[in-house]
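**Q** Kindly generate the complete structure, drawing on both the sequences and the hints.
From first to last, the protein sequence lines are chains A and B.
Last residue of the first sequence: number 194 in the numbering used here, and the count goes up by one each step with no gaps.
Last residue of the second sequence: number 272 in the numbering used here, and the count goes up by one each step with no gaps.
It should be emphasised that the hints constitute simulated quantities derived from the structure, not laboratory data.
It is possible that some hints are incorrect.
Below, in silico cross-link-like pairs of lysine-lysine (DSS-like), each with a Cα-Cα straight-line distance of 27 Å or less [to be verified]: (1) B/Lys228 x A/Lys181; (2) A/Lys120 x B/Lys184; (3) B/Lys238 x A/Lys181.
These figures come from a predicted structure and were not determined experimentally.
Residues per chain, in single letters:
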Amino acid sequence: GEDVEQSLFLSVREGDSSVINCTYTDSSSTYLYWYKQEPGAGLQLLTYIFSNMDMKQDQRLTVLLNKKDKHLSLRIADTQTGDSAIYFCAESHSSYKLIFGSGTRLLVRP
Amino acid sequence: DAGVIQSPRHEVTEMGQEVTLRCKPISGHNSLFWYRQTMMRGLELLIYFNNNVPIDDSGMPEDRFSAKMPNASFSTLKIQPSEPRDSAVYFCAGTASHNEQFFGPGTRLTVL
Numbered sequence: 085g086e087d088v089e090q091s092l093f094l095s096v097r098e099g100d101s102s103v104i105n106c107t108y109t110d111s112s113s114t115y116l117y118w119y120k121q122e123p124g125a126g127l128q129l130l131t132y133i134f135s136n137m138d139m140k141q142d143q144r145l146t147v148l149l150n151k152k153d154k155h156l157s158l159r160i161a162d163t164q165t166g167d168s169a170i171y172f173c174a175e176s177h178s179s180y181k182l183i184f185g186s187g188t189r190l191l192v193r194p
Numbered sequence: 161d162a163g164v165i166q167s168p169r170h171e172v173t174e175m176g177q178e179v180t181l182r183c184k185p186i187s188g189h190n191s192l193f194w195y196r197q198t199m200m201r202g203l204e205l206l207i208y209f210n211n212n213v214p215i216d217d218s219g220m221p222e223d224r225f226s227a228k229m230p231n232a233s234f235s236t237l238k239i240q241p242s243e244p245r246d247s248a249v250y251f252c253a254g255t256a257s258h259n260e261q262f263f264g265p266g267t268r269l270t271v272l
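**A** Right, here's the structure in full:
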């Protein structure tokens, strides 16, 4: 069945780059997403990429997609303490249903 | 727009009691989702409505759970009777397209 996997935890120093990785199993995925969840809040969409793209950049965020290996990554440049949160990778191939990973908790050390 | 509104934000109840969670989606969002988030199982889709009609309720855990969407601006998720294992954060989300789902702040439910 469909599955999305992420590492559970990442710790970086403020100002460094963060790279959060995700793998998925559904080769028919149409869209891949990165959501951010801050404590006590709902998920917020950071960015998404169509499956026919291999890279998307949006300010400090860079998404890389390796469709052959079904691997998605999110790079955050110049990571700030405000970037500390849980980051969820998600994929969809239907019009509505998102399959979420378990989330990666990013801790930014001052 | 105030975003997706959920109430209550926190609910503490005793086992066996009925719990009703409420959601007001963003105006114009014709799809609505209820999710449950726990440490053990992560984020699970419970039910999906499109134009107020339930399309996929395969994620609803059991008959104790029910959801309604009487109109485009309001939905409820009811648990009756509640059990301690229902303790979780319940999110409502809405979308007008498949590119982005807008999540509410969630309701943290604790069943004692």
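**Q** Take the hints in turn and mark each one as holding or not.
**A** Against the structure, the hints:
no. : hint                : result
1   : B/Lys228 x A/Lys181 : 19 Å, holds
2   : A/Lys120 x B/Lys184 : 22 Å, holds
3   : B/Lys238 x A/Lys181 : 22 Å, holds
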